[in-house]
Amino acid sequence: MKMHKTVTPEALLAVDGLCVRYPMPGGWAVPLRDVGFRIAPGEMVGLIGDAGSGKSTLALALLGIVRPPGEIVSGNVTFAGQDLLGLDEDALRALRGRDIGVIVQNPRAALNPMLRVGRQIGNVYRAHNPAGRTEVRQKAVDMLAQVGINDPERRVASYAHELSGGMAQRALIAMALSSAPRLLIADEPTSGLDVTIQAQFLDQMWRNVQETGSAVLLISQDLGVIANYCDRVLVLHEGRIVEDRPARTFFAAPEHPYAQEVLALQREDMANAEADTEGTPLIEIEGLVKHFPLRGTAKVVQAVGGADLTIRRGETLGLVGESGSGKTTVGRCLMRLETLTDGAIRYDGQEIGTMPMAAFRGLRARMQIVLQDPYDSLDPRWTVERILREPLDVHTRLSAAEKRDRIGVLMDMVGLDRALRNRRPRGLGSGALQRINIARALATEPEFVVLDEPTSVLAPAAVTGLIQLLRRLQAELGLSFLFISHDLTTVGHLCHRVAVMYLGQIVELGTVDQVFRAPAHPYAQSLLASHLFPDPENRRVDQPDTRALSGEIPSPVDLPEGCYLATRCPFVMNDCRTTKQTLSPLPDGRQVRCMRVARGEI
13 MKMHKTVTPE
23 ALLAVDGLCV
33 RYPMPGGWAV
43 PLRDVGFRIA
53 PGEMVGLIGD
63 AGSGKSTLAL
73 ALLGIVRPPG
83 EIVSGNVTFA
93 GQDLLGLDED
103 ALRALRGRDI
113 GVIVQNPRAA
123 LNPMLRVGRQ
133 IGNVYRAHNP
143 AGRTEVRQKA
153 VDMLAQVGIN
163 DPERRVASYA
173 HELSGGMAQR
183 ALIAMALSSA
193 PRLLIADEPT
203 SGLDVTIQAQ
213 FLDQMWRNVQ
223 ETGSAVLLIS
233 QDLGVIANYC
243 DRVLVLHEGR
253 IVEDRPARTF
263 FAAPEHPYAQ
273 EVLALQREDM
283 ANAEADTEGT
293 PLIEIEGLVK
303 HFPLRGTAKV
313 VQAVGGADLT
323 IRRGETLGLV
333 GESGSGKTTV
343 GRCLMRLETL
353 TDGAIRYDGQ
363 EIGTMPMAAF
373 RGLRARMQIV
383 LQDPYDSLDP
393 RWTVERILRE
403 PLDVHTRLSA
413 AEKRDRIGVL
423 MDMVGLDRAL
433 RNRRPRGLGS
443 GALQRINIAR
453 ALATEPEFVV
463 LDEPTSVLAP
473 AAVTGLIQLL
483 RRLQAELGLS
493 FLFISHDLTT
503 VGHLCHRVAV
513 MYLGQIVELG
523 TVDQVFRAPA
533 HPYAQSLLAS
543 HLFPDPENRR
553 VDQPDTRALS
563 GEIPSPVDLP
573 EGCYLATRCP
583 FVMNDCRTTK
593 QTLSPLPDGR
603 QVRCMRVARG
613 EI
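Start counting the sequence shown at 13; every next residue gets the next number (this note's numbering).
Possibly wrong hints are sitting among the right ones.
Just the calculated beta-carbon pair ranges, DEER-fashion [as the list claims (entries may be wrong)]:
1. R145 / T579: 33 to 39 Å
2. A487 / W394: 26 to 32 Å
3. T591 / Y387: 42 to 48 Å
4. D547 / D163: 50 to 56 Å
5. G361 / D391: 19 to 25 Å
6. T591 / E457: 43 to 49 Å
7. G29 / A487: 45 to 51 Å
8. D163 / P142: 38 to 44 Å
9. D391 / M36: 24 to 30 Å
10. T408 / Q362: 17 to 23 Å
No farther apart than 16 Å at their CA atoms in a straight line, the calculated lysine to aspartate or glutamate pairs in the EDC-like style are these [unchecked claim]:
11. K311 / E298
12. K415 / D360
13. K415 / D405
14. K311 / E296
15. K592 / D570
16. K415 / D391
17. K311 / D570
It is worth saying that the hints were derived from the structure and are not from the lab.
Even glycine gets a Cβ: it sits at the ideal position worked out from N, Cα and C.
Whole structure, please, built from the sequences with the hints as guidance.
Below, the structure written as structure tokens:
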């Protein structure tokens with residue numbers, strides 16, 4: 013197949029014939045093979061590919077860096093007319109951070125745990141700019157404010173362990189942008205950010221490129237990010253660039269089989285049919301409250317504050333919201349992994365929220381959970397067979413032979429090769445590990461499964477495969493799912509209904525079509541406006557964001573008296589600040605926690 017390659021004259025970055033290899037027993041592993049592309053000034057180029065395809069290796073190789081014992085075998089990397097691979101270490105060091113900025117993927121590993129964040133940003137800035145101590149500190153404060161960190165004056169004195177994952181990622185972004193580099197290499201720069209912060213950072217980065225003529229190589233597994241901000245798309249597959257095309261052309265008609273597989277889900281209609289609404293709901297959550305006490309004080313953190321939800325047989329309910337909204341806590345309370353502070357949970361009409369744990373264990377086989385990180389939720393010492401046998405040992409009386417047969421059936425069910433049964437998790441891809449997690453959850457033939465961010469660490473092709481798998485399993489087995497996710501695109505393709513959470517409350521509940529096409533609650537409007545759907549014909553940068561919220565999110569320790577959104581809502585009235593909001597029905601059947609929306613005023 014002929015690859016469309018965009019030839020860009022006067023390129024800021026030109027890569028030709030780049031090849032990287034690592035010694036392996038009996039030969040060589042070659043993650044990059046004859047890689048070539050161009051990036052022009054004023055251009056944002058997206059790079060996508062599966063986990064292990066060589067994306068991060070390429071990002072480092074552009075700077076002349078290869079993790080030992082690897083080596084750059086051949087190729088040229090030219091930046092502004094300079095051959096980077098021919099420069100000595102001192103010359104390269106002068107370019108890195110000043111002319112070429114880098115945002116790496118793992119903020120915890122990249123930040124020095126012994127130095128305050130402000131000092132780390134200042135050190136990078138001072139390495140390339142003559143500045144005194146006062147100027148350096150103010151630069152660090154300004155950069156943290158620029159990337160959306162609240163109270164930057166205080167945060168410059170924080171250590172890395174005192175920052176959330178999202179804040180640590182923003183600190184790295186601040187460090188990379190401090191010297192206004194001409195080229196920014198951003199390796200999954202928004203992976204730890206909520207959608208609203210992600211959109212703010214990417215908006216700012218895009219404006220900077222337009223205003224200064226700098227350039228960005230944006231490495232991401234988020235197709236929405238690529239579609240909304242990038243001019244061109246590079247697809248890296250098996251160590252080679254297999255497509256290099258304008259973003260609109262790529263999303264409209266991908267040519268390479270791998271690219272077609274990646275975009276298969278995105279090219280479908282998002283709307284899902286409603287599940288059967290007859291009969292008694294399988295899951296009923298009523299007035300669910302969960303508080304976590306603050307050690308050494310009489311105060312509590314309200315994680316969930318009075319949630320009401322139902323899930324019917326064969327239905328998938330999506331639960332969405334930003335980090336800290338209470339999504340995962342709802343799922344953990346459902347599975348009795350957390351003790352309720354108040355409220356009721358009924359499973360098939362039976363109260364389980366306050367049921368003695370000894371009695372609840374009898375229901376464990378019917379209710380299962382798939383946790384967020386497949387790497388952390390599997391014992392690395394166990395083989396796949398032992399992982400899948402564990403629930404059978406606990407919940408069934410099958411013979412050893414019957415268990416072996418059941419494990420084979422489970423592997424077939426989730427699309428895993430039976431030859432993997434004696435393999436350990438190490439060395440398997442994230443998609444395979446998540447399928448093992450799902451197979452383990454299905455081992456006891458449950459009726460209901462909580463899926464907590466099951467796609468968060470998956471590459472685009474793996475996400476497509478997982479969603480297709482869950483659809484098939486639901487159709488074949490009649491399963492009900494609670495699908496907890498920040499990825500609204502995936503929610504739109506899998507779920508029948510969706511509940512939007514904000515500070516522990518359900519603020520809008522309706523069908524996917526209702527909430528996604530015309531969100532009613534101001535927070536839901538802002539959330540949907542910030543989410544980046546993979547549609548280059550409706551790019552965020554081509555239309556103003558009129559639904560962005562201002563101000564800070566209130567602390568879950570000291571919540572407002574009335575509406576929790578009152579301090580940020582553009583439609584707020586005095587009554588909103590003092591009146592508790594209730595989840596009220598609208599004429600179209602959805603429910604919204606906003607008295608002004610319920611009265612038809614907004």
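Among all the numbered hints in the text so far, which are the ones the structure does not match?
4, 5, 8, 11, 12, 14 and 16
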